[in-house]
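K.L.:
So the chains spell out like this:
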Amino acid sequence: MPERRTFMLAMARGLGAASIGGLAWTGFLDGKKDYPTVLRPPGAVAEKDFLATCTKCGLCVAACPYEALILAKPGDERPIGTPYFHMRENPCRMCRDIPCTVACPTGALDRSLVSGADDHGSVVLDVNKTRIGLAVIDRETCIAFWGIQCDACYRTCPLIDKAVTVEYLRNERTGKHTIMAPVVHSDHCTGCGMCERACVTKKASIFVLPRELAMGESSGRYVKGWESADEERISGLPEDTTTVTPRSEKSPLDYLNAGEP
Amino acid sequence: MPAMRAYRFMLLRRSSQAAILGLFICGNLLGWQALRGTLSSSRVLDTVPLTDPFALLQIIATQHSVASDALLGGLIVILFFGLLAGRAFCSWVCPLNVVTDAAGWLRKKTVLHVSGSRFVLSRKTRYGAIGVSLVVSFATGIAAFEWISPITMLQRGIIFGMGLGWTLVLAVFLFDLFVQRDGFCGHVCPLGGFHASITRFSLIRIRHDQGKCTSCGKCLDICPEQQVLQMVGKASGAVTSGACTNCGRCIEVCDDDAMKFGIRFSPAKQGTRSAGT
Numbered sequence: 001m002p003e004r005r006t007f008m009l010a011m012a013r014g015l016g017a018a019s020i021g022g023l024a025w026t027g028f029l030d031g032k033k034d035y036p037t038v039l040r041p042p043g044a045v046a047e048k049d050f051l052a053t054c055t056k057c058g059l060c061v062a063a064c065p066y067e068a069l070i071l072a073k074p075g076d077e078r079p080i081g082t083p084y085f086h087m088r089e090n091p092c093r094m095c096r097d098i099p100c101t102v103a104c105p106t107g108a109l110d111r112s113l114v115s116g117a118d119d120h121g122s123v124v125l126d127v128n129k130t131r132i133g134l135a136v137i138d139r140e141t142c143i144a145f146w147g148i149q150c151d152a153c154y155r156t157c158p159l160i161d162k163a164v165t166v167e168y169l170r171n172e173r174t175g176k177h178t179i180m181a182p183v184v185h186s187d188h189c190t191g192c193g194m195c196e197r198a199c200v201t202k203k204a205s206i207f208v209l210p211r212e213l214a215m216g217e218s219s220g221r222y223v224k225g226w227e228s229a230d231e232e233r234i235s236g237l238p239e240d241t242t243t244v245t246p247r248s249e250k251s252p253l254d255y256l257n258a259g260e261p
Numbered sequence: 262m263p264a265m266r267a268y269r270f271m272l273l274r275r276s277s278q279a280a281i282l283g284l285f286i287c288g289n290l291l292g293w294q295a296l297r298g299t300l301s302s303s304r305v306l307d308t309v310p311l312t313d314p315f316a317l318l319q320i321i322a323t324q325h326s327v328a329s330d331a332l333l334g335g336l337i338v339i340l341f342f343g344l345l346a347g348r349a350f351c352s353w354v355c356p357l358n359v360v361t362d363a364a365g366w367l368r369k370k371t372v373l374h375v376s377g378s379r380f381v382l383s384r385k386t387r388y389g390a391i392g393v394s395l396v397v398s399f400a401t402g403i404a405a406f407e408w409i410s411p412i413t414m415l416q417r418g419i420i421f422g423m424g425l426g427w428t429l430v431l432a433v434f435l436f437d438l439f440v441q442r443d444g445f446c447g448h449v450c451p452l453g454g455f456h457a458s459i460t461r462f463s464l465i466r467i468r469h470d471q472g473k474c475t476s477c478g479k480c481l482d483i484c485p486e487q488q489v490l491q492m493v494g495k496a497s498g499a500v501t502s503g504a505c506t507n508c509g510r511c512i513e514v515c516d517d518d519a520m521k522f523g524i525r526f527s528p529a530k531q532g533t534r535s536a537g538t
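If you read the protein sequences in the order shown, they are chains A and B.
Residue numbers for the first sequence follow the working numbering, beginning at 1 and rising by one.
Residue numbers for the second sequence follow the working numbering, beginning at 262 and rising by one.
Hints listed in this document are in silico derivations from the structure and should not be mistaken for laboratory results.
There could be a bad hint or two in this list.
As the list claims (entries may be wrong) - Only some residues are given here: those of chain B computed to face chain A with a beta carbon under 7 Å:
#1 Gln294
#2 Ala295
#3 Gly298
#4 Ser301
#5 Asp330
#6 Val397
#7 Gly424
#8 Gly426
#9 Phe439
#10 Pro485
Stated by the list, open to error - A few chain A residues that don't get close to chain B, going by computed Cβ distances all over 12 Å:
#11 Arg13
#12 Glu89
#13 Ala108
#14 Tyr168
#15 Arg173
Note that the structure is a prediction, hence the values are computed from the model and not measured.
The C-beta atom is built at its ideal place from N, Cα and C for all residues, glycine as well.
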């Protein structure tokens, strides 16, 4: 009997120690995994899945011919051991053979995300499908929006006239000049960061953010009536779309007059 | 060169650890093709994948699938150590082994070895750590030990830049120096525990010859996993526990030539020699 009691006690102690360790460990990791601004290599799967499947081996970093990819050190304020870009210093050069993605052994960088069909229908790498992030412009500090001529981001963009275009606006201040405003197009921007490095302002006025951060999402029921293709988009959706909330249960007259004497 | 002879496996192990680290450095920084990546995952000659199977296990615990390259790499590692080399990863490959060996040496040279606390951690802690890291991986969705492993942190640090990674390595050193002899590698490390579990049936083993043994106890004194040498002074045979790291320290310190590298299966002549004495 005492022997069994000793055994049970030892078991309980072990379980207790494991629970304490496990809880502390879980808490530590939970605080460590949320770095929303981190920019991953081409072909990276969604950040949540990336954090699970990246083994922190550094093969993508070793494969980068421009030494643009960095393996996060403790203290880098990025998830330890995972690869990221610092665009202002060393952006992605969009290699056609995408050596970083190809080097990944675990599928954290998924080459199917940066592949497309060629003219003969076979699957080939297509670096233009890269979606590291999206370039965003601060119109208040961008000197082109002041009316000063600068097209550094436009000229350096590897997808010039697709990912970045220049829009001519009337300079209302002088009344006779043009503002040559850079505009980023999300359907082509790969987030390579060449523009961020090229930007002439003290702190870059065009910079890459993860798409999760940089983009909104319109609800599916809004239709671009001037685009026939967009009408088709909603053709299959159910007609009944009434949304019921606690407020909508009452008639508008009721809730608008609620609280009136 | 008797001095060299007393450290022959130590020198070989240090050379092996340095060569592997050196090849990784040259592969990642100079573009050599021999070995690229880190201990977590690497590629030999730009073709053969190698992956830490314990890291794979943690990824699977997060309920994510892994590409076949990495799975193949894990299988190669398991087969090599599990069928052939034993827990040699810990003493012939792992760079942290140099740090903990240094702490152990310093502990012996100072009073810490004899005096100090009687705090004794269970050798089974590491198997608990395996379980906890899998549960935490499942709960958080990230490979738990890979995020705090001082082993990969040290290796990545040496190759790609240390950052604040040295703090954890220093913590392991101090733990082994002040708190528990062979504390990290012999008690806590879940990767060591994992290798001990998969190498239970590996071929290359330390063999003990009871006929030559004078029961001086030097091997037990030097061994970082003393419990594996329970047959010393009792019977001849191979060290069968997976916890033995095949470091060869017991062979070096034995003045009676009673320990040597061999294979698991008992050769006939060994049996007759011990029977004759």
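K.L.:
Find the hints from earlier in the document that the structure breaks and name them by number, from lowest to highest.
P.N.:
Violated hints: 1, 2, 9, 10, 11 and 13; rest satisfied.
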